[in-house]
Amino acid sequence: MAGRRLFLLACGLAAAFLAPPPAARAEPAKVEKFAVSARPIRNFQLGSTESRFGPLEFVGGLELNSGSWDFGALSGFRFLDPGSRFVGVTDTGFWYFGAIERDAEGRPSGVADFSMQQMVDGNGDIIGEKWTTDAEGLAVRDGIATVGFERAHRLSEFRLTPDDMKGPLRDLDFVVPAYELRRNRGFETVVHSPADSAHAGARIVVSEKSLDKKGDIFGAVIEGPTKGIFTVARSDGFDITDGAFLPGGDLLLLERSYSVARGVAIRLKRIAGDAIRKGNRADGAVLLEANMGYQIDNMEGLDVWRRADGATMVSLISDDNHSILQRNLYLEFRLHGD
236 MAGRRLFLLA CGLAAAFLAP PPAARAEPAK VEKFAVSARP IRNFQLGSTE
286 SRFGPLEFVG GLELNSGSWD FGALSGFRFL DPGSRFVGVT DTGFWYFGAI
336 ERDAEGRPSG VADFSMQQMV DGNGDIIGEK WTTDAEGLAV RDGIATVGFE
386 RAHRLSEFRL TPDDMKGPLR DLDFVVPAYE LRRNRGFETV VHSPADSAHA
436 GARIVVSEKS LDKKGDIFGA VIEGPTKGIF TVARSDGFDI TDGAFLPGGD
486 LLLLERSYSV ARGVAIRLKR IAGDAIRKGN RADGAVLLEA NMGYQIDNME
536 GLDVWRRADG ATMVSLISDD NHSILQRNLY LEFRLHGD
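In this note's numbering, the protein residues as written are 236 to 573.
Hints listed in this document are in silico derivations from the structure and should not be mistaken for laboratory results. Some clues are possibly wrong.
What the hints assert, rightly or not - Within a straight-line C-alpha distance of at most 25 Å, the following computed SDA-like cross-link-like pairs (lysine to any residue) qualify:
#1 Lys513 - Gly450
#2 Lys444 - Lys401
#3 Lys462 - Ala437
#4 Lys365 - Arg505
#5 Lys513 - Glu458
#6 Lys401 - Ala347
#7 Lys268 - Ser303
#8 Lys449 - Pro412
#9 Lys444 - Asp471
#10 Lys513 - Arg417
#11 Lys513 - Asp451
#12 Lys513 - Asn556
#13 Lys401 - Glu364
#14 Lys444 - Asp408
#15 Lys265 - Leu291
#16 Lys365 - Asn419
#17 Lys401 - Arg505
#18 Lys449 - Gly508
#19 Lys462 - Gly472
#20 Lys265 - Gly302
#21 Lys513 - Thr461
Stated by the list, open to error - Pairwise CB distance ranges (calculated):
#22 Trp304 - Arg497: 42 to 48 Å
#23 Leu404 - Asp518: 40 to 46 Å
#24 Arg277 - Ser494: 36 to 42 Å
From the three backbone atoms N, C-alpha and C, an ideal C-beta is built for every residue, glycine too.
Please model the complete structure; the sequences and the hints are all you need to start from.
And the structure:
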């Protein structure tokens, strides 16, 4: 009997040592606050003092840096207050918040009150995996943020609580069949349509480079009276990285191309509001095109806002991919004739 008890005890100890440890609850996501340095950019075109580029007038910009390892990879962003407080997401799975500071002439001069926090799941645990936290697109309305994720494709709603962001409230139907979404080319544009438009405030999504059989880019109105799939014409190797509605109801899209030979280029394209409808192939005029002869980088974020004097403003940000060869830029333009 004693021998049997010793045998069972030995088996129990072996099982305890060999069995995997119980899953430990991850640490909650902490809000990291730190300073961001900003070098003003006065001229958009290298070697030129010209400020007007078609209908767009360059107002100013910033090259942003920080000593924090987490800083960078800035993707979608939206202003919470016109031209001032903002919220954004990174493709490394962080939220970021801050405010644009301005000089006496109203040009961007710095960034204040900057903070970052890792995204968490429904249990409040840090996700931390690139596969599931590749956040690219962002829309904000009535205290709710809608985020578009690539790789593990989804659209998720979150309640905006800058001091302690929680996990998603729910995931949304993105209408486009999941098998049509390419692995790293999902929804980079997530935007609320104007409340007084035919879409009645519905959210609209456009993918980066998920193409139909004709080579055009998938998009969709995901809710409301005009719900359905449309496409955006793709041309000259440009993909779509963000979008925002203009005050008159047209959609402004930020496009980007890259090749080893030519480097990075960007475009701003204006799509008529009534071209965004089920089954339609939408296209529009190019308002701005810029290459490496301009102060650009991997431009991924776009927002449109009204200045106090009524001017329509367009703001862009870049994703440096945490590379020493790239920069985090904030650029600001006034759109004339809107």
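Which numbered conditions among the earlier hints are violated in the structure presented, ordered from lowest to highest? 2, 4, 12, 15, 17, 19, 22, 23 and 24
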